[in-house]
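One line per chain: the protein sequences are Y and W, in this order.
Note that numbering that gives the first Met the number 0 has the first sequence beginning at 0, numbered continuously upward.
Note that numbering that gives the first Met the number 0 has the second sequence beginning at 0, numbered continuously upward.
The set of hints was computed from the structure by calculation and includes no laboratory data.
What you are looking at is a predicted structure, and each value in this text was computed from that prediction instead of being measured.
There's no promise every hint is true.
To be verified - Computed beta-carbon distance windows for the label pairs:
1) K378/W x E76/Y: 33 to 43 Å
2) D415/W x L48/Y: 53 to 63 Å
3) K142/Y x E236/W: 21 to 31 Å
4) A67/W x V36/Y: 47 to 57 Å
5) E76/Y x E236/W: 20 to 30 Å
6) G79/Y x K367/W: 30 to 40 Å
All residues carry an ideal CB built from backbone N, CA and C; glycine is no exception.
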Amino acid sequence: MTTKHKASPPRGGDTALATHRWRVTPWLFLLPGLAVVTLLVLVPFLNTLRLAFTDSMLLRPGDFVGLDNFRRMFDDERFGTALLNSSLYVVCVVPFMVVLPLVLAALLSGAGRLMGFFRTTMYLPVIMSPVIVGLIWTNLLDKQGLVNELLGTLKMVAQPVPFLTDRWLLLFSAMFVTVWTGLGYYMVIYLAALANIDPSLYDAAAMDGAGPVRTFLNVTVPGVRSTMALIGVLSSVAAFRVFGEIYVLTDGTGGVGGGDLTMTMLIQREGTGLQARTGYAGAISLVMSVILGALLIAQLVMQRKQRTF
Amino acid sequence: MTRIGRGWTGVAALALGSLLLSGCGGGDTAPKASGGKLSGSIAFQTWNLKNDKFTPYFTELIAAFEKANPGTDIKWVDQPAEGYQDKLSADAAAGALPDVVDMGPEAAYTLAQAGVLLDLNKADPQAKGLFLDKAWQAMTFSGLGGGTYGYPWYLNTGPSFFNTALFKKCGLDPAKLPATYDELFTQAETMAKNCSDVSMIVRMPAIENFGEYGVPLMDAAGKQFTYNDAKGVEFVERYKKLYAGRGLTQESLNNLQTKEVEEFKAGRLAYLSGSSYTLNDLKDTAPDIYKNLGIGPRISTAAPNMYIESLVVNATGKNQPLAMAFAKYVTNPANQLAFGKKASVFPSTAGSMDDEYFTKDDGDPATKVRLESAAQVKKAIVWWPPAFSGSTDAETLREQIAQALLGKKTVKEALDASVKYSNDRLASHG
Numbered sequence: 000m001t002t003k004h005k006a007s008p009p010r011g012g013d014t015a016l017a018t019h020r021w022r023v024t025p026w027l028f029l030l031p032g033l034a035v036v037t038l039l040v041l042v043p044f045l046n047t048l049r050l051a052f053t054d055s056m057l058l059r060p061g062d063f064v065g066l067d068n069f070r071r072m073f074d075d076e077r078f079g080t081a082l083l084n085s086s087l088y089v090v091c092v093v094p095f096m097v098v099l100p101l102v103l104a105a106l107l108s109g110a111g112r113l114m115g116f117f118r119t120t121m122y123l124p125v126i127m128s129p130v131i132v133g134l135i136w137t138n139l140l141d142k143q144g145l146v147n148e149l150l151g152t153l154k155m156v157a158q159p160v161p162f163l164t165d166r167w168l169l170l171f172s173a174m175f176v177t178v179w180t181g182l183g184y185y186m187v188i189y190l191a192a193l194a195n196i197d198p199s200l201y202d203a204a205a206m207d208g209a210g211p212v213r214t215f216l217n218v219t220v221p222g223v224r225s226t227m228a229l230i231g232v233l234s235s236v237a238a239f240r241v242f243g244e245i246y247v248l249t250d251g252t253g254g255v256g257g258g259d260l261t262m263t264m265l266i267q268r269e270g271t272g273l274q275a276r277t278g279y280a281g282a283i284s285l286v287m288s289v290i291l292g293a294l295l296i297a298q299l300v301m302q303r304k305q306r307t308f
Numbered sequence: 000m001t002r003i004g005r006g007w008t009g010v011a012a013l014a015l016g017s018l019l020l021s022g023c024g025g026g027d028t029a030p031k032a033s034g035g036k037l038s039g040s041i042a043f044q045t046w047n048l049k050n051d052k053f054t055p056y057f058t059e060l061i062a063a064f065e066k067a068n069p070g071t072d073i074k075w076v077d078q079p080a081e082g083y084q085d086k087l088s089a090d091a092a093a094g095a096l097p098d099v100v101d102m103g104p105e106a107a108y109t110l111a112q113a114g115v116l117l118d119l120n121k122a123d124p125q126a127k128g129l130f131l132d133k134a135w136q137a138m139t140f141s142g143l144g145g146g147t148y149g150y151p152w153y154l155n156t157g158p159s160f161f162n163t164a165l166f167k168k169c170g171l172d173p174a175k176l177p178a179t180y181d182e183l184f185t186q187a188e189t190m191a192k193n194c195s196d197v198s199m200i201v202r203m204p205a206i207e208n209f210g211e212y213g214v215p216l217m218d219a220a221g222k223q224f225t226y227n228d229a230k231g232v233e234f235v236e237r238y239k240k241l242y243a244g245r246g247l248t249q250e251s252l253n254n255l256q257t258k259e260v261e262e263f264k265a266g267r268l269a270y271l272s273g274s275s276y277t278l279n280d281l282k283d284t285a286p287d288i289y290k291n292l293g294i295g296p297r298i299s300t301a302a303p304n305m306y307i308e309s310l311v312v313n314a315t316g317k318n319q320p321l322a323m324a325f326a327k328y329v330t331n332p333a334n335q336l337a338f339g340k341k342a343s344v345f346p347s348t349a350g351s352m353d354d355e356y357f358t359k360d361d362g363d364p365a366t367k368v369r370l371e372s373a374a375q376v377k378k379a380i381v382w383w384p385p386a387f388s389g390s391t392d393a394e395t396l397r398e399q400i401a402q403a404l405l406g407k408k409t410v411k412e413a414l415d416a417s418v419k420y421s422n423d424r425l426a427s428h429g
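Extracted from the complex, chain W is given alone in its bound form (with noise of 0.2 Å):
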């Protein structure tokens, strides 16, 4: 038997399992909103939130909403966030995806292609007033339609940490961080010239360092990526220069981002780009490492970037009304402002960023990253491209941006083939 076939009857049969389940259990989920009123059940899926830091948080924002709201249930579902995207292509192709589901923009890009996701710009026009701009715009899709795929939920950016004592070790002056991608180039150089056992850089660039250095990523209608022009080319041949004089690894080629955050503890790497969350796991796991931390703003010649997580409603959905409330609900100001603190990211609601939280300091090292990410959020961007897909387009630019830097093709050719990789799949999606 063929590994697809297997693939295929795993499908089949996660699908008659979800059906099986969504005919047993779903005997109360008929639409109800009579006279603005909402009554029966919704399913809500998150990833890795269930647990002592997020439970109380969602227990006790479900009663709430359940008891503002008497005669609606919602069922908290969650599942490990790993190889999230099978499970949801499972749910999807099921017809048995949840009512509201936790999702990033590339996921929604594909599940709002196949229609199963509601447009927010149609079924609620009102809420955009209520998000930051750049929030709303990052879950609209020009490349389908300049529909609206999900609520907003939380943002997420942070600053560059940096190992100092690399810094001094290396003749590198740990009092003038690098900020630009100009700078931070010419000091891994200075770096790899004077040490040979660590480096600045051990992670090929993601698309979201493309838009960083200020490549353009996509035509404005959202159907072309053009990230292999001039300055694409330019951006990488600083990786190929680097890893020519040695200042990247073979390894280096081939990192994921764990093992970039590995490096870094070790003591092998010199700057690790993260948010208030590695701050306290720097603290917690490499204390000999957080003793020399420098910590700067995010690495960025353009804008920096940050990443966003929304809260998508199923169009199949057989109680819509209530999906979006809730969904509303989750992501209102004063709910995205508890959550915000409680898991250290940022609201995508207008004006909670002004909360005394993100601007008041109060000399701890935590605070002093918190507001400066949260000053970051105002200038930062959602580069990835909600059409570029997180594993097969990401993994193909990783491994042309490798075989450009093996010299086994120009940085023109290989990014000529992971645009032409990507553009064919996005028009194969039609």
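If we strip away everything but chain Y, and leave its shape as in the complex, we get (with noise of 0.2 Å):
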């Protein structure tokens, strides 16, 4: 036989009590975070917003000039640049970021000493400072580096390979270093993505007769498709507003004739410093802010629409 706790009839005074704590007590847990959105995040979002459309200078507040930043973005060939690059990085990089994790993370995902020496390995470079990577990259793909004394001694080149001062070959050993550097961080999110596939599934596999490929794409990919399109919203976004390896590589200047420069380095160039254009790099901020949003909203509809099918 059970006991059943015959609950007393709340008064009225406690339900308005309840009602009221009901009411309240979620925006207190919320108030920290808001409080920290909306003094790091809008209102500083908010005010770029304002500045677009001024010729505010740092020690100006500025007027009210329409459209005039945004005239003068078009006709600002650095703006082009810095467009070309950041788009070339995504359309580049985050392929890499999508699959290059997961395929080692189905590697590593194993237990054992070893498997375990390889995840820490590959993680590293995530907790690495991006000066630190940079500084490394740049000693290794200088001219007299160690790259370029290893392929001048296995007699590869005649002479050394412009890494750093060819537009294109600095783009894309940046674009290197920034996978280098994700991939032990997306290996990590897989990992936990592949923990939670249901182990049946491989043995079903296994007893179908599926080899590691056949099983890899027909079990992981499929289980994983949620992370990859997760990892996919966030590789883009990180590799729009790519900055540290570029600036690093290129000792902050942009490259041989600012033709490595990206959106970022162009919004840092204008808007800092003691003559700093606050109008114009709000603009451009607006304009880079409207792309990602462009392209969050575009990776969403693809989801949808694989979901569909």
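Using the hints, put the two chains back together into the complex; each one sits in its own frame.
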């Protein structure tokens, strides 16, 4: 026989108090986060939005100038260069960021000390400062660096390869550094996703005689599809906002003739320092936000379509 | 969140912090000059000068001032010079600029434009006579109505250093070191023909080099840049010709000054412009290069360049009489001379260069460099226009020249683009 506790009916005052708590308590939990987001995200964003339509300088509030900053942007050859470089970064880096960490995670998901060692090794670049990473690669890729010395010793090149002075080679070198740095981070996300795949699916695939590649394509990939979409979004945003790698590899110059400037480097150049044109920098930031927003929406739409099919 | 948004948040946080700090520590800064007697406290900002070499000098300097002016308190603040413009930006935007700040003309120009700096032509017109006219003029900004916005502090110029071993190796006569740009380019071309692994030049020309070549940099009113004229084009064409003849590497198109010094120390570069400090640095860090060092005057076709540093006074400071008195004290002839000896720089006060420290030869190579540089100060000009931004304008000029050398545009188109960019910025500052 079970005993049921008979709850006493709430009195009118208690009901009101409970309702009040129900309404207020969640907001109290949210308050610190909301305050931080409002202060550090919303207010600066709205300020940037305002600045984009003014001729504001760092030490002068500026006046409303309508679309002047946007007209100037399209006359500014650096803007075209920066937009092209940042877009290329997304196109070239994101596929590697989505696929390579998954392959690595699949290879290193097993137990054992050796696996642990390799997982740790792959994660090491993630915890290194971007500046240190940049300096390491600058020294490796320099005209007198290790890579050129090696290529020269092996008689593979007659002249040093201009990794850090040729516009495109520098851009692709920076992409390589980005992929190298990001592999470990996204690998860890994939490792967590792989742990959620039902092991019986692998058993079933083995019983059906599927090899490693077929198992990977037919079990692993479908099992982490939503994670792949997430990583696609995250790495797209990160790639479009690339700054540190190119900044360090070019010693902060944006490459020979400014050929490797990216959107964030252009914003930094225009929006910092005593002579900062904060209005113009705000306009470039706004355009960048719109492009990123469009990129995210496009990816969300594609995901929905994939689910539909 | 956008990057600019983050940047502004950082500035806002700095501003808030600065306001709080100034609120806490500024209790005794009320203006005090009743009856000509100074009192109260001010903040004095320098960059990279609080170290074993300079701390005793400034500590004694400040103590002597405070002793001579009982009731005054000088708070000396020193910060790393790295990114000093960003620090000044944050201070100025927050209205927390220190009372007296060590500053170059470009930063002073921007702050003066914003009305943050005291015009000494109005506030202390007698001061003009204390300084070399060229030093006073360097801090007088025609583009801002002819106001003078800083007490000139120290000047710096220096000789050209040459690696004579490379001269011999590449078929040049070390006894005939170049002194003008024409000679430099001619010898650089010869070096390029004879040696493929070393260069005479590894950096693009900066705005002061245009001045040294005789290019008019700005119009008389200080409102428009003019370095895209025929003389400017001729100057860059010399670089283009050198690049085509492999006398300039691709790295040279993007190198900064630090890289130039590294290349000279590594024995891959034959020419380096420097100062007395450079000589000591080479002696300590590149003894092999030092052994084969040739020294000549700074390369120039018009007049050699020099740099100037000043002490500006915050126009919104609460104790301007004390700030002006202290800035004038630090920059008086005796203190400038003492600092010049300590820092291997040159005083900007009238008559100080006649001191035997700058005229008497004792046979030491360092003394020779100092004497020649001191003689050079007399004919040198601060070529860098104060309205030319040390970061964005200089970067744009370097990038445009690189594009011209790469053949992406003509030299004239490149210089036109650079001048347009600088003029637009100047106009947008109002």
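Hints and how they fare:
A hinted range of 33 to 43 Å for the beta carbons of K378/W and E76/Y is consistent with their spacing of about 39 Å. In this structure, D415/W and L48/Y break the distance hint of 53 to 63 Å, their C-beta atoms being roughly 34 Å apart. Checked against the given bound of 21 to 31 Å, the beta carbons of K142/Y and E236/W, roughly 26 Å apart, stay inside it. Look at A67/W against V36/Y: about 55 Å separates their beta carbons, and that is inside 47 to 57 Å.
Taking the beta carbon of each, E76/Y and E236/W are about 22 Å apart, inside 20 to 30 Å as hinted. At roughly 52 Å, the beta-carbon separation of G79/Y and K367/W lies outside the given 30 to 40 Å, and the hint is violated.
Violated hints, listed in ascending order, are 2, 6; each of the other numbered hints is respected by the structure.
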